[in-house]
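There are 2 protein chains.
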Amino acid sequence: MTPAHFNAPLKSATAFAPATVANIATGFDILGFAIHNLGDRISMTRLERPEVKIESISGLASSTAITLDPAQNTAGVPLLKMIQELGLNFGFSMRIEKGIPLGSGLGGSAASAVGAVVAAHALLPQELKNKLTKERLIHFALEGEAIASGSKHADNIAPCLYGGLTLSHPGDDPDVTVLPYPKTLAVIVVHPEMRLDTKKARGVLKPDLFLKTHIQQSSHLAALVAGCCTSQFHLIKKGLVDLIIEPQRAHLIPGFYEVKRAALESGVLGCSISGAGPSVFAFAESMQIAEHAKNAMIQAFKAHGKMEAQGWVSEVNSDGARVVEAE
Amino acid sequence: MTPAHFNAPLKSATAFAPATVANIATGFDILGFAIHNLGDRISMTRLERPEVKIESISGLASSTAITLDPAQNTAGVPLLKMIQELGLNFGFSMRIEKGIPLGSGLGGSAASAVGAVVAAHALLPQELKNKLTKERLIHFALEGEAIASGSKHADNIAPCLYGGLTLSHPGDDPDVTVLPYPKTLAVIVVHPEMRLDTKKARGVLKPDLFLKTHIQQSSHLAALVAGCCTSQFHLIKKGLVDLIIEPQRAHLIPGFYEVKRAALESGVLGCSISGAGPSVFAFAESMQIAEHAKNAMIQAFKAHGKMEAQGWVSEVNSDGARVVEAE
Numbered sequence: 001m002t003p004a005h006f007n008a009p010l011k012s013a014t015a016f017a018p019a020t021v022a023n024i025a026t027g028f029d030i031l032g033f034a035i036h037n038l039g040d041r042i043s044m045t046r047l048e049r050p051e052v053k054i055e056s057i058s059g060l061a062s063s064t065a066i067t068l069d070p071a072q073n074t075a076g077v078p079l080l081k082m083i084q085e086l087g088l089n090f091g092f093s094m095r096i097e098k099g100i101p102l103g104s105g106l107g108g109s110a111a112s113a114v115g116a117v118v119a120a121h122a123l124l125p126q127e128l129k130n131k132l133t134k135e136r137l138i139h140f141a142l143e144g145e146a147i148a149s150g151s152k153h154a155d156n157i158a159p160c161l162y163g164g165l166t167l168s169h170p171g172d173d174p175d176v177t178v179l180p181y182p183k184t185l186a187v188i189v190v191h192p193e194m195r196l197d198t199k200k201a202r203g204v205l206k207p208d209l210f211l212k213t214h215i216q217q218s219s220h221l222a223a224l225v226a227g228c229c230t231s232q233f234h235l236i237k238k239g240l241v242d243l244i245i246e247p248q249r250a251h252l253i254p255g256f257y258e259v260k261r262a263a264l265e266s267g268v269l270g271c272s273i274s275g276a277g278p279s280v281f282a283f284a285e286s287m288q289i290a291e292h293a294k295n296a297m298i299q300a301f302k303a304h305g306k307m308e309a310q311g312w313v314s315e316v317n318s319d320g321a322r323v324v325e326a327e
Numbered sequence: 001m002t003p004a005h006f007n008a009p010l011k012s013a014t015a016f017a018p019a020t021v022a023n024i025a026t027g028f029d030i031l032g033f034a035i036h037n038l039g040d041r042i043s044m045t046r047l048e049r050p051e052v053k054i055e056s057i058s059g060l061a062s063s064t065a066i067t068l069d070p071a072q073n074t075a076g077v078p079l080l081k082m083i084q085e086l087g088l089n090f091g092f093s094m095r096i097e098k099g100i101p102l103g104s105g106l107g108g109s110a111a112s113a114v115g116a117v118v119a120a121h122a123l124l125p126q127e128l129k130n131k132l133t134k135e136r137l138i139h140f141a142l143e144g145e146a147i148a149s150g151s152k153h154a155d156n157i158a159p160c161l162y163g164g165l166t167l168s169h170p171g172d173d174p175d176v177t178v179l180p181y182p183k184t185l186a187v188i189v190v191h192p193e194m195r196l197d198t199k200k201a202r203g204v205l206k207p208d209l210f211l212k213t214h215i216q217q218s219s220h221l222a223a224l225v226a227g228c229c230t231s232q233f234h235l236i237k238k239g240l241v242d243l244i245i246e247p248q249r250a251h252l253i254p255g256f257y258e259v260k261r262a263a264l265e266s267g268v269l270g271c272s273i274s275g276a277g278p279s280v281f282a283f284a285e286s287m288q289i290a291e292h293a294k295n296a297m298i299q300a301f302k303a304h305g306k307m308e309a310q311g312w313v314s315e316v317n318s319d320g321a322r323v324v325e326a327e
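Residue numbers (this note's numbering), protein chains in the order written: chain A, 1 to 327; chain B, 1 to 327.
Check the hints yourself; a few may be wrong.
Claimed, not checked - So the derived list for chain A, only partly shown, Cβ under 8 angstroms to chain B, looks like this:
1. Val176
2. Leu179
3. Pro180
4. Thr184
5. Lys206
6. Pro207
7. Phe210
8. Leu211
9. Gln216
10. Ser218
11. Ser219
12. Leu221
13. Ala222
14. Ala226
If you're looking for bench data, these hints aren't it; they were derived computationally from the structure. The beta carbon of each residue, even a glycine, is placed where N, CA and C say it ideally should be.
Generate the whole structure from the sequences, applying the supplied hints.
Quick look at the structure:
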């Protein structure tokens, strides 16, 4: 880009928004991280009038199930809010290429919402662009997540937008903190070919728990956070034991315990449900262990869950959503 | 000590065991830290026969209320266990000088148990001494805590023995982790002149809580741990908001909310109950703020709780219990 063009608004931009793993066993609704190699692509152009159009949704066989009505779509709603709140006199038209399977527990709706916001942000006039920090952008993306899941949860939105491992708070002010983590931490994500509705997965949870369980889980969560912040794998291992959510949701995922056992026998630090499921994630100390575990987990889904499954091995994605093409 | 004496067992040793603040708002039963300037002193000599004697307990007007029967005393029980489990052919006689007020929520029983273990450890033959790591010593001290509080909680024992800020796990294996914390962190502890029984304070707690509350509290706990590990005061501030225990126990401490308000108005990061109470602690970013807050908190106890109170300002004590005299 030459200096003469520097302040000219872009005509089009494509954002890649990564898949994310929310909860991380003991950080239900508050922790999440982004991965590499899997995500949604949102290609955005400017429209003369302040309106939002979704031209197409492609990439997955099930993409046709997603509404093109921007007011009902997880990527459309954030842009309508953006136009309204920023008082824009122009609009956006987008093509969504889904890479993240629907209802997979890998933050697909968050990725579309964040990808749309990041691509649209790239098309704003420079002055406005500079003003909109990630703290402001996250609020637009949360509006999309609310359409998809019925409530504003930042546990996928935050890692998708910021990258890395994130702590966010429930409620209207997620106040995201990007946490340190061991640089060699390897992530395994395995997705069985089934769809699990987030609302259903939330519906099976009891509304209360014993104080005793809260205390035990708190000690695990504290170990997870401390282990990530201080790069101590033995603490992360302790921190991946979920006493509250996993026991209530495991039955929704055929073969879950066998898949988890296969992962643990492969030497991972821990293994649990990714987001609301049915995907399963694990952390390992090395890529070699992670590759081995991924294959064992896929085999276990086939053998015990009677399901085909796809797996990914990755480092934590510290970039988050970003513009990958622009002109 | 000359080389000739190096391997000769010591005849007597005095240990100082610091006061500790357990819970730290959102780390109920799992987090704790040690302070300076307040603690118990245990002076120990060897006895010919494998028995335990408590010669005297002094230091506080209320010291006479404590039993001299080693089998019922928080400092005696750990030594009886030590003699039994290590198969010692000698015993211990001790004088306990209480510095920590009884029933103050400042880890008095933990300090006596840990002080006794640390002083006795100093009197062991060198070979045995080397074998007994803190991981082993903590189990003896926990036996004393169990006599005092009815269960094995390491949240005072761990910071008293290890020093610093500690994470321990509930149950038989506390598996202590010493966490980093900001080096400039200032601590205020204020003790109103009343006694609160730990069992009573435990008795007011409901046995269950809402999942929603667990999630919110988890986000605060994660912020506290991350804030300490990464020296971010704004996270520590968020982490000191306790939604579960403090609201249930506050009424046991006359003037608590006024004392807390006085602390917050003095600019502390947060303020809550120390252990089971009635002492109150606060964290501040500087010693100057801490001194100011201490005075305001003492005044608030007088004005609203109608009680005299004593206060201490300190850094976190990173040493823990240690031998201060030996021959």
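So, going through the hints one by one against the coordinates:
Contact between Val176/A and chain B, as hinted, is not supported at the beta carbon level, the nearest pair being about 11 angstroms apart and thus beyond 8 angstroms. Below 8 angstroms, beta-carbon pairs count as interface contacts, and Leu179/A has one with chain B at about 6 angstroms; its hint therefore holds. Satisfaction of the interface hint for Pro180/A is found here, the shortest Cβ-Cβ separation to chain B being roughly 7 angstroms, below the 8 angstroms cut-off. With a least beta-carbon distance of about 18 angstroms to chain B, the hint placing Thr184/A at the interface is violated under the 8 angstroms criterion.
With a least beta-carbon distance of about 7 angstroms to chain B, the hint placing Lys206/A at the interface is held under the 8 angstroms criterion. Here the hint on Pro207/A is kept, as its CB sits about 6 angstroms from the closest CB of chain B, short of 8 angstroms. This hint holds: Phe210/A has a C-beta 5 angstroms from the nearest C-beta of chain B, less than the 8 angstroms allowed. The interface hint given for Leu211/A is met, as the beta carbon of that residue sits about 6 angstroms from the closest beta carbon of chain B, less than 8 angstroms.
Interface restraint check for Gln216/A: the shortest CB-CB distance to chain B comes to about 6 angstroms, inside 8 angstroms, so the restraint holds. Against a cut-off of 8 angstroms between C-beta atoms, the interface hint on Ser218/A holds, since the closest Cβ of chain B lies about 6 angstroms away. Of the supplied interface hints, the one on Ser219/A holds, with its beta-carbon coming within about 4 angstroms of a beta-carbon of chain B, less than 8 angstroms. The interface hint given for Leu221/A holds, since its Cβ lies 6 angstroms from the closest Cβ of chain B, which is under the 8 angstroms cut-off.
Given the 8 angstroms rule on beta carbons, the hint for Ala222/A holds: about 5 angstroms separates it from the nearest Cβ of chain B. For Ala226/A, the interface hint holds, since its Cβ comes within 8 angstroms of a Cβ in chain B; the closest pair sits about 5 angstroms apart.
Checked against the numbered hints above, the structure violates hints 1, 4; every other hint is satisfied.
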